[in-house]
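Peer 1: Chains as they are written, first to last, in our numbering: chain A, 1 to 526; chain B, 1 to 526.
One or more hints might be untrue.
Remember, identical chains collapse to one label, so a pair may be satisfied in a single copy or spanning two.
Claimed, not checked - Straight-line C-alpha distance at most 30 Å; calculated BS3-like pairs for lysine-lysine: (1) Lys408 - Lys507; (2) Lys21 - Lys372; (3) Lys145 - Lys183; (4) Lys231 - Lys174; (5) Lys18 - Lys253; (6) Lys20 - Lys372; (7) Lys253 - Lys38; (8) Lys132 - Lys145; (9) Lys183 - Lys408; (10) Lys507 - Lys35; (11) Lys507 - Lys132; (12) Lys449 - Lys132; (13) Lys506 - Lys442; (14) Lys125 - Lys173; (15) Lys239 - Lys20; (16) Lys77 - Lys449; (17) Lys183 - Lys173; (18) Lys372 - Lys18; (19) Lys372 - Lys145; (20) Lys232 - Lys92; (21) Lys38 - Lys502; (22) Lys70 - Lys312.
Source of the hints: derived by calculation from the structure; they are not laboratory data.
There are 2 protein chains.
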Amino acid sequence: MVNWSNMDTLSAYDALTKAKKVDLTEVMAGENGAKRVKEMSVAMGAGLSYNYASKQVDETIVDALADLAKEAQLTDKYAALYNGEVVNTGEKRLVLHQLTRGQLGNDVIADGVNKREFYVNEQNKIAEFAKKVHSGEITNAAGEKFTTVVQIGIGGSDLGPRAMYLALENWAKKNNHFKMEAKFISNVDPDDAAAVLNSIDVAHSIFVLVSKSGTTLETLTNESFVKDALKKAGLDASKHMIAVTSQTSPLAKSSDYLAAFFMDDYIGGRFSSTSSVGGAVLSLAFGPEVFAEFLEGAASEDELAKNDDIRKNPAMLDALIGVYERNVLGYPCTTVLPYSQALSRFPAHLQQLDMESNGKSVNRFGEPVNYKTGPVIFGEPGTNGQHSFYQLLHQGTDIVPLQFIGFKNNQLETDVNIQDSTSQQKLCANVAAQIVAFACGKKDDNANKNFAGNRPSSIIIGDQLNPKTLGALLAHFENKIMFQGFVWNINSFDQEGVQLGKVLAKKVLAHETDGALAVYSQLLNI
Amino acid sequence: MVNWSNMDTLSAYDALTKAKKVDLTEVMAGENGAKRVKEMSVAMGAGLSYNYASKQVDETIVDALADLAKEAQLTDKYAALYNGEVVNTGEKRLVLHQLTRGQLGNDVIADGVNKREFYVNEQNKIAEFAKKVHSGEITNAAGEKFTTVVQIGIGGSDLGPRAMYLALENWAKKNNHFKMEAKFISNVDPDDAAAVLNSIDVAHSIFVLVSKSGTTLETLTNESFVKDALKKAGLDASKHMIAVTSQTSPLAKSSDYLAAFFMDDYIGGRFSSTSSVGGAVLSLAFGPEVFAEFLEGAASEDELAKNDDIRKNPAMLDALIGVYERNVLGYPCTTVLPYSQALSRFPAHLQQLDMESNGKSVNRFGEPVNYKTGPVIFGEPGTNGQHSFYQLLHQGTDIVPLQFIGFKNNQLETDVNIQDSTSQQKLCANVAAQIVAFACGKKDDNANKNFAGNRPSSIIIGDQLNPKTLGALLAHFENKIMFQGFVWNINSFDQEGVQLGKVLAKKVLAHETDGALAVYSQLLNI
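So that you can see chain A by itself, here it is in the shape it has in the complex:
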């Protein structure tokens, strides 16, 4: 039986606040620094590793974090979640995204079905469909193969799948897994859909409409936009569209779609990349085998997250270091810095995953909490960011914890050797250099050239970004965020904060406004 208690009621949290702080410029210097980098590393799934040598922690603080993890019953809460308890208390729902990639505990029966079987069944349906599209068994009306898949969705139906597609596009091209180009339409801005439609050959495109409820304003609007375009091109829209939706949605049994694949209420949009939401577009783009490997990578990370020992549970360790940075050290933001151009949109996905999950001010019982919760998340790929916002990270007045990600090898295996090093070596040299520059700083008599150091970072290292490592990477962050929500005693699985804007936007469109809203509407010509 687990206790859901606020973090500031836990004695381990109190102890953590009193633990002696670590000065990185001291501990990371010389041989001690080398020792830390060798030792402060945890194996992740799919061969990745999480190195936290440059975090402001030592064995004493990690022990305190372990105590907090234990008192907050983090692995028990995780077990409650994957065994099918109603952990999303706000919406009274189970939380089952991990079940899309493996059976972690008991069978979970909901809505009268075994949910693992349900998810696997949808995966199989998608795999079968994708294979038929690739083989030419399913074609357009003229009997020609589809060459492009276009996802229509927003938020979790867009950011995650898009980030995953971009992460694997070059890998798939290099390894003969590239089946179809994917594009994404998300914004209700009509120029988004129009620009995507102008860039593709609609006659050879298959559209994936993704909406759990079948009522998302942006998605339905963009669906109509696309149907209009198909009609104008003399095409039958129902032969070019599939739906990913819940079984109870109006889209589920509509004849407007070639096929429908299902999701359910137990997987939030931002956690849905491993469900049908990511499954349809990724299986069409890269083949179902690639999607299966991606799930395998995620499953390996989910298994690790069960470990009671914080030193063997990278997601839990990362989560608790983040809590320490947020609540004890008082840092308001975290930046995600993948040294991999393929991960260009991964920070945007994590921005949603983290900020939508843990940007809450009330605990899971609806009572205000007295401590900070989720931080602001932002990031861009390195080395690009180095030439952009790193100035503030190095010398600004606020400290921003950094999450680096690096791979020993690139994806396309094309490279050049200039001044005795390859581009990939230069890329990796830069991330190593940045970690040390941030941690250790460098004294200079000219204060303008002085680097105070003590700016904490961790790095996730892998051999190469591929479906398995990507799955592990994604699940690591999903699980980290889950654990942080448990520590903060908040519900990471609802998003009530998005409702008010929707209600007011409807009023504006119905011209039922007064006061400030009426004048803003006028100014914007609505």
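Fit chain B to the supplied structure of chain A, relying on the hints for placement.
Peer 2: Below, chain B alone, put in the same frame as chain A:
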């Protein structure tokens, strides 16, 4: 004569900290809210307007901001800058980016030339070159027209020009100004260059190598990468490349380039979109007339920034409200939320512009300051962000000031009417609704559904995103950031914080490391 004094020595700043705070849920309610939205608006250049009704200010606070602007001598400092004083004291350089788009004060003579004439001359050279490329007077070796332009640059040579290109791509297509597609290679990650090269027809591509010093690691590496590819395709690289560099750089007179266009030390990378750095790629992509209009829009905003009256100087007002939020109200971040898919990378550009300029801890004399300077900047286009990180913005434990941008009309003029409104109306309805939701909130007995409100925002409104409004928008933020730097008494025009990482990366590549850096290098296989 201007006085460069720290903000906390100014009596107007002290008075500002004591001014009565504004409760937005109170002042934005009912008719008073409507009155604020009507009145609290300042005309910007190119027909834009800056509306600050939903900021936590009232007439008393704006008066206090006006006093601070006066005591900090903001317009005098701006005049000193555009009249050619050495305002970048760290690097002992003039700061002349505004001069690329107009003569704001005295002639500025440096390096023995009239700098305005120098910038105009480069613009004319670029215009002539671009026209010859478009007309087919300059072609590839086979006598065929170039169809694609690829910018090779990083940081300021990438983010600004890329954001501007994306902002105008659809507009240009719609209005018959689209001459050539543009692509960008920036990251030293070899997969970046390889993927771009795979996506284009190199035989019909012209590459713009952008490096002021001619020594930027990433850019030179990517140049070699591209030259390799051209060679492998049997092409003469020197017939496919132009350089944008300083007159003293090794690239300036090299026969490796079809042509060279010049920049100088008086324009920092992040302020260089209106110099040759943006000029070459944008003139090739859209024609020099479009680039000229973009400069015109920026110039109109630069003129407005001269105004001593804060209520008629939108950049100065925006700057001071930002200072108030950062230093008096204590907000650590600001988010930029354009309701326009075309501005998808505009927040990334502002992220560099702001964080690299004002992420400093020492004043312009190299002495530590005792107050917060530049905030963390992040953002994504609306309505996408609504389905992502807005949860935290509405209900998180930190308040994040919001900068909305909205346009009455879209660019492609294709739209659909669904449920009695167009997509463009839905887009605008959403931004209006969000402003009011953030400011006013909504009481609910269920704390999980409660919106506290009091979350400040401003909005910049325009008729349409086009070259002129884009220029005004860019210059607004450049000038805002400049004014904030003046208030904080920091040098917004250097970037010493990027040096240490470069030095250490070189050591890694030369295998001259020990301690932590040596072990990180091993872990990353360097």
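Peer 1: Which of the listed hints are not met by the structure?
Peer 2: When the structure is compared with the hints, numbers 5, 7, 11, 12, 15, 19 and 20 turn out to be violated.
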